[in-house]
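Chemist: These protein sequence lines are chains A and B, in that order.
Using the numbering used here, the first residue of the first sequence is number 1, and each one after it goes up by one.
Using the numbering used here, the first residue of the second sequence is number 1, and each one after it goes up by one.
These are calculated hints, taken from the structure and not from any lab test.
Incorrect hints may appear among the rest.
[Claimed, not checked] Derived Cβ-Cβ restraints for the label pairs, each shown as a range: (1) I11/B / C12/A: 51 to 59 angstroms; (2) T102/A / V64/B: 54 to 62 angstroms; (3) S160/A / S81/B: 21 to 29 angstroms.
[To be verified] Not close to chain A: a few residues of chain B, all C-beta gaps over 12 angstroms, as computed: (4) Y54; (5) L56; (6) L72; (7) W100.
Where is the CB? At the ideal position from N, CA and C, for every residue including glycine.
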Amino acid sequence: MKLIGKMTILLCGILLIVFANKFPEFGDPHSPASTHLSPYYIEHTMADTAVPNMVTSVLADYRGYDTMFETTVILTAGLACFFLLRLPEEEEKEIYFRHVPTGVTIRIEECGAAPEDSDVFQRIDAQWVPRDIIIRSTSRLLMPFIQIFALYVVAHGHHSPGGGFQGGVILGAAVILFAISHNLRTTVAKISETSAAIMSAAGVFIYAGTGALCVMLGENFLNYGALAPLLGTDRVMARSHGILIVEIGVALAVMSVMIWIYYNLSSAGKQDEGL
Amino acid sequence: MNLISVLLIAIGLFFFLGGSIGIIRLPDFYSRLHAAGMLDTMGLFLSMAGLALYVLTDFTFANVLVAIKIMLIVVFVFITSPTATHAIVDAGVRGFREPWTKDKKGGSSI
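Modelling step: build the complete structure from the supplied sequences, incorporating the hints.
Modeler: What follows is the structure, given as structure tokens:
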């Protein structure tokens, strides 16, 4: 069995090396890719979709199927992390608190009343990590700017490098920064795992739903020109707006999958204390 | 105007060079962080100021916006760089890194 595997790999390697020579030169103007496909995109992008950034229009309009399944792949990655790592939640029998002024650790049994998590009584897990006010307030100060920048990247994808994937990653990074500078419990209390999961599915649903809406209006799947009567614009601008709608879906999916994966990876699936 | 911006960028790069040499040559954790944190912030400020001045040689509204964006980078690095240095030093103190002294020659290899 091992021999068959080695033989297959060897054969594939030899074939790759033999046929690598027959590929067109890098950047060859006479290769099939740059004689048929690229000139069409370069010449027709502006007339078809009114999007100056050619990459965005190819990504979200001409090759919309590809990007839709890429978004699905990201959702699948989040689901895979969830199914592999997540442990069932246990009943908490004992909770540990630290009284910060004296440095005493308090153990609270099931029946006892737990104090509120505050600057005086701090919830602890495997070890106590002091809360640093400098790091906390700096990240609190920066988070809105990061999120605004992310929204700018999403919305400005038509004109400059950017778009749903990049903006979604920046949005997710803002939440992860909050989780690192505070702790995982606080973050999960703000954005629960359930809502992250629902949002990631909703992102893919926005994308696929836009396509399905086009079918309902009597045109091909993901042909945004069909949305023109709904948006109240002509077909070209409808394609431009359709790209934006799809990018928003991508950003939502990417953001929540980032958060979801971080929750599961940083706490080894227990979702209690985090890093 | 161009001469000033070239001069500013050159001084900024000089600070970056000093920071890089400091990271490699200084004896312990804390002094290396000092070099990295301080000199990189200063070098970034000077080189970005040089770039902003270079953009402003052609004084239009769009270029003013570009210059403001460049200076915003400096503002954010001024906020975040000391915080990052603070966090790393804090971790070092909690990890019991010995500081280097002249007679004790403490200083761990990391």
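Chemist: Going through the earlier hints one by one, which of them does the structure break, listed in rising order?
Modeler: As far as the earlier hints go, only 6 is violated by this structure.
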